[in-house]
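J.: Please model the entire structure based on the sequences and the hints provided.
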Amino acid sequence: MSATTQLGPDTGGRFGPYGGRYVPETLMAPLEELEHAFAEASADPAFQHELAALLRDFAGRPTPLQYAARLTERLGGPRIYLKREDLLHTGAHKINNCLGQGLLAVRMGKRRVIAETGAGQHGVATATVAARLGLSCTIYMGTQDMERQRLNVFRMQLLGAEVVGVDAGSRTLKDAINEAMRDWVTHVETTHYLLGSVLGAHPYPLIVREFQRVIGREARQQILAMEGRLPDVLLACVGGGSNAIGLFYEFLNDVTVQMVGVEAGGCGTALGEHAARLAASQGFTGARPGVLQGTYTYVLQNPHGQIATTHSVSAGLDYPAVGPEHAWLAEQGRVEYTAVRDEEAIEAARLLARTEGIIPALEAAHAVAELIQRAPKMRREQVVLLNLSGRGDKDMEILAHSLGR
Amino acid sequence: MRVVGEVSQTRIARRFAELAERSELGLVAYITAGDPTLETTEQIVLALEQAGADIVELGVPFSDPIADGPTIQRASERALRSGTTLAGVLELVRRLRQKSDLPLVLFSYFNPVLQMGVERFAEQAAAAGADGVLLTDLTPEEAAPVRPVLRAYGLDTIFLAAPTSTPERLKRLAESSTGFLYLISRTGVTGARELLPAELPALIRRVRQATTLPLAVGFGISQPGHVSVLGGLADAAVVGSALVEELERAATAEAAIAAIAERVRVLKAAARHGMSQRTPARPAAQEL
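Sequences listed follow chains G and D, in order. When you number the first sequence by my numbering, it's gap-free, plus one each residue, and the end is 405. When you number the second sequence by my numbering, it's gap-free, plus one each residue, and the end is 288.
Derived from the structure by calculation, the hints contain no laboratory data. A hint or two may mislead.
Stated by the list, open to error - Each computed SDA-like pair below joins lysine to any residue, with the alpha-carbon atoms no more than 20 Å apart: (1) K99/D <-> G52/D; (2) K99/D <-> Q50/D; (3) K171/D <-> E33/G; (4) K171/D <-> A29/G; (5) K377/G <-> A69/G; (6) K171/D <-> L195/D; (7) K377/G <-> R74/G; (8) K171/D <-> E32/G; (9) K171/D <-> R186/D.
T.: Given below as structure tokens:
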């Protein structure tokens with residue numbers, strides 16, 4: 001690693017070769033409008049003040065950085081710290097981005113927001129923010145995800161959002177994004193597409209990262225206060241990659257800090273059995289650079305460029321592409337990407353529940369599973385900081401099933 | 001009358017020049033290649049030519065067609081299920097070119113082309129006898145490295161203009177396009193609709209100010225009345241989902257081909273007659 005990690009994006013929305021803006025012409029004007037609105041808002045103290053107040057009073061920031069004493073003892077390796085994004089209102093880091101983009105929508109005069117959701121966390125956060133800001137809200141969700149995340153469907157409906165089931169393709173996150181983009185292309189004048197991860201066309205990967213950077217800003221201060229030094233390793237799960245980039249970004253130029261992004265290894269290494277886009281060194285197949293849903297990045301696809309179906313027990317990681325900035329960080333060797341399997345994630349969730357009294361979301365449990373593998377190989381004086389990006393209430397049915405009931 | 005076809009030798013330019021000479025609205029017919037099989041598509045395209053289509057857009061199916069409505073999404077799924085690939089569609093173009101001089105445009109998304117390799121795609125598409133390429137999710141900005149390659153092989157590069165396109169963007173789209181400019185009639189996805197947007201004439205006039213290229217208008221065109229209205233305004237009408245719906249409704253491939261051909265005959269008749277002549281003062285009798 002080097003002190004000069006190249007950051008992005010450039011003015012064309014590129015992170016090295018990755019990113020860009022591959023959309024139907026109809027969306028070019030609203031993307032440019034969004035880019036300008038974001039640039040103005042970023043420089044507007046009133047906007048920043050309003051966002052900071054909502055993050056504090058409504059979402060519950062700052063979130064604690066917790067020393068996980070019993071997990072540390074149990075694994076017998078480094079000192080483990082958990083960044084408790086699971087304690088935020090709505091139960092995951094998603095609300096950071098939703099509040100930011102919700103305020104942007106109001107600023108642009110758009111009275112309707114739409115969003116995709118996989119696990120339902122981003123849908124719930126969007127519906128919550130829409131209710132708080134008085135916006136109308138439609139959420140697109142794959143019907144397979146609606147089955148495995150029923151509680152979140154009810155939550156969104158209770159918050160006044162319309163939930164539209166998407167019965168195409170693999171009936172998961174990717175198909176929900178397709179349908180959200182079709183809605184947006186039809187209602188661009190009145191509607192803001194509140195994209196939930198560092199995916200899609202420029203400026204979304206930039207905007208979502210900037211709204212999630214609060215995670216790393218807080219964590220850096222907190223760990224310096226608690227340990228008097230920077231962590232040795234950062235760990236976060238990577239679906240699109242918003243919680244990971246939110247944590248990593250503030251540390252990118254800290255050369256001593258090693259970073260690991262954990263993808264969904266699913267139930268096997270063959271195409272269709274996993275959602276590992278960057279962990280090819282572990283034998284996962286089918287990922288190549290390509291264009292999906294507005295951006296050029298690593299995509300799981302067949303040799304003819306048709307996008308593959310993916311599998312993960314975690315709906316939030318079950319997606320064939322990864323955020324373009326992660327592709328660039330992988331190519332520079334700045335972040336290491338790895339994958340853990342479904343059952344390892346479930347086992348990790350159970351361990352965290354019993355040792356720390358925290359039931360993590362299955363997404364975050366992937367990062368915990370990677371920690372379980374790494375910790376025994378690390379020294380006791382080392383420090384690991386793991387982003388516990390969401391809580392596991394939504395996954396109770398799957399976790400209950402693993403208990404054999 | 002705009003002068004077209006003098007600087008270029010492509011089949012597309014020649015066809016628009018002929019149409020202009022006859023003051024006739026062109027009809028561009030879209031069909032998803034491989035829906036339900038490439039053999040059926042071959043027969044459909046030949047029938048489209050017989051029925052009076054001026055240009056055929058062959059949709060190369062993509063798994064995630066974000067610009068398409070339910071009709072073409074279903075067609076893409078059927079085509080992919082039958083094993084359709086970009087290479088297979090190019091082979092279809094080669095077979096068609098042995099039997100027909102109809103201008104053929106490949107209509108798809110960027111990723112299948114990117115995975116084949118842009119240069120290899122351009123070479124093979126041109127060799128097969130394709131005339132133009134339209135990639136729905138490739139804007140002029142991102143096409144900067146792609147367009148010169150396609151042009152080097154003599155392929156027309158067609159871009160979409162939209163109601164949301166600013167004057168600066170319309171200028172860029174026009175500069176990047178050859179053959180014709182495809183104007184999306186409304187914000188939204190592909191699909192047949194009852195009415196054309198009331199703002200369409202004003203939109204067409206706005207686009208006319210940005211380009212001298214022939215203008216084809218699509219998205220939502222399905223009825224003779226739509227085509228008639230476009231007669232005085234555009235150079236061609238594009239019909240797609242309405243033809244795919246005929247295919248979906250038909251019980252057999254033969255019935256589908258007959259129904260699609262009939263639909264195109266009716267639409268082309270509206271293009272030839274109706275309000276479609278360029279000089280409204282010209283008596284209808286001379287048209288016959």
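J.: State for each hint whether it applies.
T.: Against the structure, the hints come out as follows:
Restraint check for K99/D and G52/D: the C-alpha separation of about 16 Å stays at or below 20 Å, so the hint holds. Taking the CA atoms of K99/D and Q50/D, the gap is about 12 Å. The hint holds against a cut of 20 Å. With a C-alpha separation of about 18 Å, the suggested pairing of K171/D with E33/G holds against the 20 Å cut-off. Distance restraint check for K171/D and A29/G: the Cα-Cα separation of roughly 14 Å lies within the 20 Å cut-off, and the hinted pair is therefore satisfied.
Simply put, K377/G and A69/G have alpha-carbon atoms about 18 Å apart, close enough for the 20 Å limit, and the pair holds. This hinted pair does not check out: K171/D and L195/D have alpha carbons roughly 28 Å apart, beyond 20 Å. Restraint check: the Cα-Cα separation between K377/G and R74/G comes to about 14 Å, which is no more than 20 Å; the hinted pair holds. A C-alpha spacing of about 16 Å is found between K171/D and E32/G, which places the hinted pair at or below 20 Å, so the restraint holds.
As the CA atoms of K171/D and R186/D are separated by approximately 19 Å, the hinted pair is consistent with the 20 Å bound.
Consistency note: the structure conflicts with earlier hint 6 alone.
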